Amino acid sequence: MSVTVTGTSAPVTDTRGRAVPGLNPFSPGHAARPGAGPLSRRPVRLALGLALPAVLLVTWQVVTSTGLVAPYQLPSPASVWTAAVDLVERGLLGQYVAISTQRVVLGFLIGAALGLAVGSLVGLSRLAGSLLETTLGAVRAVPSLAWVPLLILWMGIGEDSKLTLIAIGAFFPVYTTVVAALRHVDPHLVEAGRAYGLRGARLLGAVQLPAAVPSVVAGLRLALAQSWLFLVAAELIASSMGVGFLLMDSGQNGRVDRAILAILLLALLGKTTDALIGLAEKSLLKRWA
Amino acid sequence: MTRTPSSTAITSTATDPAPAAVGDARPVALRGVARTFATPSGPRPVLAGLDLEIAAGEVVAVIGPSGCGKSTLLRQVAGLDAPDAGEVLLGGTPVAPYDARTAVAFQEPRLLPWRTLAHNVALGLPRGTPRTQAREQVARLLDLVGLSGSAGLRPRQVSGGMAQRASLARALARRPGVLLLDEPFGALDALTRLRMQDLLLEVHASRPTTVLLVTHDVEEALYLADRVVLLAALDPAAPGAASVRSVITVPGDRPRDRADARLSELRAELLDGLGVPTHHHVHDPDLHHSI
Numbered sequence: 499m500s501v502t503v504t505g506t507s508a509p510v511t512d513t514r515g516r517a518v519p520g521l522n523p524f525s526p527g528h529a530a531r532p533g534a535g536p537l538s539r540r541p542v543r544l545a546l547g548l549a550l551p552a553v554l555l556v557t558w559q560v561v562t563s564t565g566l567v568a569p570y571q572l573p574s575p576a577s578v579w580t581a582a583v584d585l586v587e588r589g590l591l592g593q594y595v596a597i598s599t600q601r602v603v604l605g606f607l608i609g610a611a612l613g614l615a616v617g618s619l620v621g622l623s624r625l626a627g628s629l630l631e632t633t634l635g636a637v638r639a640v641p642s643l644a645w646v647p648l649l650i651l652w653m654g655i656g657e658d659s660k661l662t663l664i665a666i667g668a669f670f671p672v673y674t675t676v677v678a679a680l681r682h683v684d685p686h687l688v689e690a691g692r693a694y695g696l697r698g699a700r701l702l703g704a705v706q707l708p709a710a711v712p713s714v715v716a717g718l719r720l721a722l723a724q725s726w727l728f729l730v731a732a733e734l735i736a737s738s739m740g741v742g743f744l745l746m747d748s749g750q751n752g753r754v755d756r757a758i759l760a761i762l763l764l765a766l767l768g769k770t771t772d773a774l775i776g777l778a779e780k781s782l783l784k785r786w787a
Numbered sequence: 008m009t010r011t012p013s014s015t016a017i018t019s020t021a022t023d024p025a026p027a028a029v030g031d032a033r034p035v036a037l038r039g040v041a042r043t044f045a046t047p048s049g050p051r052p053v054l055a056g057l058d059l060e061i062a063a064g065e066v067v068a069v070i071g072p073s074g075c076g077k078s079t080l081l082r083q084v085a086g087l088d089a090p091d092a093g094e095v096l097l098g099g100t101p102v103a104p105y106d107a108r109t110a111v112a113f114q115e116p117r118l119l120p121w122r123t124l125a126h127n128v129a130l131g132l133p134r135g136t137p138r139t140q141a142r143e144q145v146a147r148l149l150d151l152v153g154l155s156g157s158a159g160l161r162p163r164q165v166s167g168g169m170a171q172r173a174s175l176a177r178a179l180a181r182r183p184g185v186l187l188l189d190e191p192f193g194a195l196d197a198l199t200r201l202r203m204q205d206l207l208l209e210v211h212a213s214r215p216t217t218v219l220l221v222t223h224d225v226e227e228a229l230y231l232a233d234r235v236v237l238l239a240a241l242d243p244a245a246p247g248a249a250s251v252r253s254v255i256t257v258p259g260d261r262p263r264d265r266a267d268a269r270l271s272e273l274r275a276e277l278l279d280g281l282g283v284p285t286h287h288h289v290h291d292p293d294l295h296h297s298i
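Protein chains in written order, with the numbering used here: chain H, 499 to 787; chain E, 8 to 298.
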C-alpha cells in the first residue's frame, strides 16, 4: 500500500485519498472508536458463520468413519455425496431442485401479492377490516397440512394445488405485517400528506406504503421461509418430483443418504433465497435507516 | 380589529373561487368558532365563541398558555379540523377540508424520512406542476431557506433546524394564500430560532402572504407579528374554552429592534396576560423572561 504522508496535522491517506486507519490515531477511521473490533469486519463474521457447519461436517465424518453410528442410520458424508452425483447423472437432481424452486417462487409471488393487496385494504379501510379480519384470522389458524387433502380433492395432484398451498403459506406473513404496519404509520406524516393535498391512492403510494416498507420487507422474508415450509408439505403428500418428493421417496425406500441429501438441499435452497432477499432488503432499507 | 380586509381581495374571490387564485394573500375570518373534544372524562371545550379577523398579507401571532387551544385554532383555519359551531372563512369562502389555499408548517418538521429534502419540498408544489418548472421552484425555495447544498440529503442526515427550514420551504412551495405556522421554531436552539425568524421575515417581505403564527414565545410574537392575539379562557361557565382575550397591535416596521423599549412594555403586558409574573420595571430592557 502506498501512502502519502503530507504533514503532521493532515490525515494520512492512501492513493485513493482515503484515510489510512492505523496511521491516523485521531481520525474517525481509527479502530478504537466504539463498536469497532474484529467482529465489525465482514470476512471475520462470515468465517465465524461457517465455523459451526465445518465442525458439524467433521463430527459427522468422525462418527461415521469410526463406526460409532451404523451406516444404515447415518451414512458418511462421502456416500451422501455419491448419492447426489448419482441423482445428477440420472438428470433427476437438477429437475427436482428446479421444480421445487419454481413452485416456491411462483407460490410466493402469488401469495405475497395477494397479501399485499388484502393487507393494504384491511390496514387502511375500517370497513374492510371489520368485514375480513375475523375470517382471515380463523383461516390463518388452520395448520398447513390440513389444507392438503381438500386442495387435492378440489384441484387434483397437479401444480395448481401445490401453488395454492404455498401461496396460502406466503399470504399470511405478508398480510399480517402489512396490516400492522399500515395501522402504525405515524399519523403525523399521514396528516402532513393530507395537508399537502394527497388523498386515496396517492396518499397510499407517497406516504403510507413507503412508511410501511421496512416491516413489509421483513414480512416478505418471513413469507419466503414459510413458502419452503409449505412446499415440503405439498410435495411430501402428493408429488412425483421435487425435493419434498425425494425426501418422502427416500424415506419409503430406506435411502437415508438421499433423505439427508434432500434435507441438506432444503437448507441450502432456503438459505440462498433468504440471502438474496436479505441483499434486496439491505439495499432498499438504506433509504429508510 | 385594526385592519379591514381589502375590498379587492373579497371581490376577486367572490367572483373567482377557482384555485387559480391560490398564491394571493387571503384574508381570514373566524366567527363564533367553538370546538369541543370528547375525552374519556367527558367533553372538553377548547375553543368557544372565538372571533378573529385577519387582513390579507397580515402577520398575526397567537399566544396563550400551554394547552389553551392555539394549535386547535390553527387547525380550524387549515381545514385539518372543523369547528362544532361558527365559521371559518378564507377570502370570504368557507375553509374546505385540507384547504389548498393554506399551507401548514407543523411543530415538528414532519418530513418523509425516505425522501430527500428536495423531494420533500416538491411535495408542497401544487398538483400538476410541470417537471422542469417543479425542479426550478424547488431549487429556488431551497436556496431561499439556505439548503441548496443539502438538497440530496434525507431528513435524518440533517439537523433539526435544517429539517424545519425544509418544512418551511415545503409550505411555501404551495404558494399559500394563508401560511399557518404551528410553533415552527419551538424545538430549535436559541440562535437557530433567531435566524429562522429573520428568514420568515425575508420570505414574507418577498412574497407577502397572510401568516398566522402560533407560538408560546412572547418575544417571537412581538418581533414577527403585526398584531398579537392573546388566547385565554374567558367564560367562567365553560372553563378551559379559550377565546380571544386581547389583541395587541405591535408598533414599528419590521425588521424590529429586538431591544426596543416599546416592545418590552408590550412583553410585560402580554406576560401579565399569560399569568406570568414579570417583575417588570419600566424602561428596563435588560430584563428577559422565559416562559
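Calculated from the structure, these hints are not laboratory results.
Every value quoted in this text rests on a predicted model; they were computed, and no experiment measured them.
Virtual Cβ for every residue (Gly too), placed ideally from N, Cα, C.
Hints may contain errors.
Going by beta-carbon spacing under 8 Å, a handful of chain H positions derived as facing chain E [to be verified]:
(1) Trp-579
(2) Glu-689
(3) Ala-693
(4) Leu-707
(5) Pro-708
On the chain E side, residues computed to face chain H include the following (Cβ under 7 Å) [unchecked claim]:
(6) Phe-44
(7) Pro-47
(8) Ala-107
(9) Arg-117
(10) Trp-121
(11) Met-203
(12) Leu-206
Hints and how they fare:
1. Trp-579: Result: violated, 47 Å to nearest chain E Cβ.
2. Glu-689: 7 Å, holds
3. Ala-693: Nearest chain E Cβ about 5 Å off; hint holds.
4. Leu-707: Violated. Min distance 10 Å.
5. Pro-708: The hint holds - H/Pro-708 has a Cβ within 8 Å of chain E, the shortest such distance being about 5 Å.
6. Phe-44: 16 Å, violated
7. Pro-47: 19 Å, violated
8. Ala-107: Since the shortest Cβ distance to chain H is 6 Å, the answer is holds.
9. Arg-117: Holds, about 4 Å.
10. Trp-121: 5 Å, holds
11. Met-203: 19 Å, violated
12. Leu-206: At about 21 Å, which exceeds the 7 Å cut-off, the nearest Cβ of chain H leaves the hint on E/Leu-206 violated.
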